[in-house]
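Residue-level listing of the chains:
4 protein chains.
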Amino acid sequence: MSTLTRFGISMDSKLLQRFDAYITEHGYANRSEAVRDLVRERLVQKSWDKGDEEMVGTITLVFDHHQRDLTEKLTSQQHDHHETVLSAMHVHLDHYNCLEVLAVRGKASDIQHIADHLISVKGVKHGKLVMTATGKGL
Amino acid sequence: MSTLTRFGISMDSKLLQRFDAYITEHGYANRSEAVRDLVRERLVQKSWDKGDEEMVGTITLVFDHHQRDLTEKLTSQQHDHHETVLSAMHVHLDHYNCLEVLAVRGKASDIQHIADHLISVKGVKHGKLVMTATGKGL
Amino acid sequence: MSTLTRFGISMDSKLLQRFDAYITEHGYANRSEAVRDLVRERLVQKSWDKGDEEMVGTITLVFDHHQRDLTEKLTSQQHDHHETVLSAMHVHLDHYNCLEVLAVRGKASDIQHIADHLISVKGVKHGKLVMTATGKGL
Amino acid sequence: MSTLTRFGISMDSKLLQRFDAYITEHGYANRSEAVRDLVRERLVQKSWDKGDEEMVGTITLVFDHHQRDLTEKLTSQQHDHHETVLSAMHVHLDHYNCLEVLAVRGKASDIQHIADHLISVKGVKHGKLVMTATGKGL
Numbered sequence: 000m001s002t003l004t005r006f007g008i009s010m011d012s013k014l015l016q017r018f019d020a021y022i023t024e025h026g027y028a029n030r031s032e033a034v035r036d037l038v039r040e041r042l043v044q045k046s047w048d049k050g051d052e053e054m055v056g057t058i059t060l061v062f063d064h065h066q067r068d069l070t071e072k073l074t075s076q077q078h079d080h081h082e083t084v085l086s087a088m089h090v091h092l093d094h095y096n097c098l099e100v101l102a103v104r105g106k107a108s109d110i111q112h113i114a115d116h117l118i119s120v121k122g123v124k125h126g127k128l129v130m131t132a133t134g135k136g137l
Numbered sequence: 000m001s002t003l004t005r006f007g008i009s010m011d012s013k014l015l016q017r018f019d020a021y022i023t024e025h026g027y028a029n030r031s032e033a034v035r036d037l038v039r040e041r042l043v044q045k046s047w048d049k050g051d052e053e054m055v056g057t058i059t060l061v062f063d064h065h066q067r068d069l070t071e072k073l074t075s076q077q078h079d080h081h082e083t084v085l086s087a088m089h090v091h092l093d094h095y096n097c098l099e100v101l102a103v104r105g106k107a108s109d110i111q112h113i114a115d116h117l118i119s120v121k122g123v124k125h126g127k128l129v130m131t132a133t134g135k136g137l
Numbered sequence: 000m001s002t003l004t005r006f007g008i009s010m011d012s013k014l015l016q017r018f019d020a021y022i023t024e025h026g027y028a029n030r031s032e033a034v035r036d037l038v039r040e041r042l043v044q045k046s047w048d049k050g051d052e053e054m055v056g057t058i059t060l061v062f063d064h065h066q067r068d069l070t071e072k073l074t075s076q077q078h079d080h081h082e083t084v085l086s087a088m089h090v091h092l093d094h095y096n097c098l099e100v101l102a103v104r105g106k107a108s109d110i111q112h113i114a115d116h117l118i119s120v121k122g123v124k125h126g127k128l129v130m131t132a133t134g135k136g137l
Numbered sequence: 000m001s002t003l004t005r006f007g008i009s010m011d012s013k014l015l016q017r018f019d020a021y022i023t024e025h026g027y028a029n030r031s032e033a034v035r036d037l038v039r040e041r042l043v044q045k046s047w048d049k050g051d052e053e054m055v056g057t058i059t060l061v062f063d064h065h066q067r068d069l070t071e072k073l074t075s076q077q078h079d080h081h082e083t084v085l086s087a088m089h090v091h092l093d094h095y096n097c098l099e100v101l102a103v104r105g106k107a108s109d110i111q112h113i114a115d116h117l118i119s120v121k122g123v124k125h126g127k128l129v130m131t132a133t134g135k136g137l
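Quick note, the sequences are listed as chains A, B, C and D, same order.
First residue of the first sequence: 0, per numbering that gives the first Met the number 0; consecutive thereafter.
First residue of the second sequence: 0, per numbering that gives the first Met the number 0; consecutive thereafter.
First residue of the third sequence: 0, per numbering that gives the first Met the number 0; consecutive thereafter.
First residue of the fourth sequence: 0, per numbering that gives the first Met the number 0; consecutive thereafter.
Be careful, since some hints might not be right.
Since the list gives no way to pick one copy over another, a pair counts as held whenever it fits inside one copy or between any two copies.
[Claimed, not checked] Cross-link-like lysine-lysine pairs, in silico, DSBU-like; alpha carbons within 35 Å at most: (1) 45 / 127; (2) 13 / 72; (3) 13 / 127; (4) 45 / 106.
Source of the hints: derived by calculation from the structure; they are not laboratory data.
As the structure is a computational prediction, the values presented were derived from the model and not from experiment.
Starting from the given sequences, assemble the full structure and let the hints guide the process.
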């Protein structure tokens with residue numbers, strides 16, 4: 000079982016006032032949750048930089064499905080990495096353009112490699128990798 | 000109908016050599032596709048900074064679904080913005096942790112606001128907004 | 000006079016353990032200073048996004064000073080914006096390459112404009128804008 | 000001697016139109032220079048990620064020099080790394096706040112370590128590392 004620890008933070012009143020405005024603007028319930036989010040965000044970044052843990056990511060792709068063989072190529076690449084690509088969601092943006100989001104899980108370098116090779120496919124207009132974590136230890 | 004234009008680029012041979020290595024490493028079919036990707040990436044960034052177009056995004060959330068009322072809260076927030084949130088994909092990471100990815104479409108500031116308010120919910124351990132585009136004009 | 004306020008943060012023990020490791024690795028004196036840094040970093044980002052305050056920045060440029068008229072062009076552009084460009088530091092990297100860093104102060108959009116127009120000059124090989132703040136209210 | 004190579008790029012007319020608008024807005028002399036900048040920016044990023052080359056960086060710090068022993072501490076840390084820290088520029092922002100920019104050169108991981116340990120010092124309100132390159136091969 001995980002347990003909660005409580006500790007004190009001292010902060011200049013003016014800085015705290017600005018932080019409280021940020022907290023309200025973003026809809027945080029309290030300062031603890033806002034601080035935890037900043038801490039987790041930083042730790043997730045560090046984990047990706049180090050590449051020493053199993054990570055989770057999402058790969059967002061925008062492409063024109065009329066591009067010859069594109070859908071086939073993307074599907075085939077995803078199957079080549081079926082142990083890493085967990086699932087996919089497809090959204091029809093208009094008559095031509097599609098949004099596809101893949102959920103991936105694996106070593107940081109493997110995920111980066113798969114994202115690079117999907118984004119580079121002709122007909123993929125824009126692609127982005129989001130690096131997040133499995134949630135363990137966060 | 001869109002038409003293709005061809006234009007020339009001059010580049011120092013050493014720089015071109017390094018660019019060609021990058022192209023090979025990422026699996027690009029040719030220099031044109033790699034240059035187009037760099038251009039599109041920069042234009043998408045600029046569009047988001049300006050906030051003057053209809054944009055598309057994905058919001059990635061990692062959370063512990065055992066957190067009381069969390070699933071309900073996230074679902075309810077998504078429905079409050081049903082005109083912006085297009086669809087959602089859910090992945091079970093382990094007994095506790097979930098990955099949820101939302102596809103969103105709307106004004107940059109609205110998308111940012113929705114992302115901020117989902118990420119700030121207690122129990123959401125990590126969240127990230129990817130800003131991409133509708134694909135029109137890219 | 001500014002005053003210090005103290006408030007409590009609750010955090011899962013496992014998350015706190017990872018945060019403490021981060022704190023040690025970065026040489027922070029204590030948790031308060033590490034949390035304040037995360038808060039200030041986020042607030043500075045937000046201020047730049049909003050563009051509603053007087054900001055401070057540094058513009059880093061790497062260029063080949065043998066490029067014809069380059070030094071003259073960069074100096075002249077800096078003087079055109081003498082009310083924004085506060086000072087400059089020049090480092091000789093090798094026989095050809097120079098590093099120049101400018102300290103700038105002004106509206107976010109003005110600083111961005113100046114940075115864009117310096118980075119785009121032929122012979123400037125790489126340029127980056129760092130967005131920081133005047134330090135007031137941080 | 001370095002030599003110039005010329006190669007052709009094909010681009011959808013609508014995309015090229017948007018790119019040309021970007022080129023004009025940023026003050027680029029021509030498309031070649033704009034493309035070269037995008038290529039160099041990407042290659043510099045990759046070099047930093049790989050950490051396999053000698054890199055150049057700038058570390059921007061905003062701090063309150065009234066903080067006890069701060070100036071001394073920062074100076075001493077810089078001297079501990081005198082082989083990496085090339086030079087420093089100091090700007091007086093107001094009665095309390097200072098901007099200091101350091102030019103650094105060395106292995107990516109060493110530069111990152113020095114930046115982390117300067118930014119973590121109490122009294123340093125904000126700090127940022129810019130990663131650039133020596134200019135060779137760009």
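Worksheet entry | Hints not upheld, ascending by number | Violated hints: none at all, because every hint is consistent with the structure.
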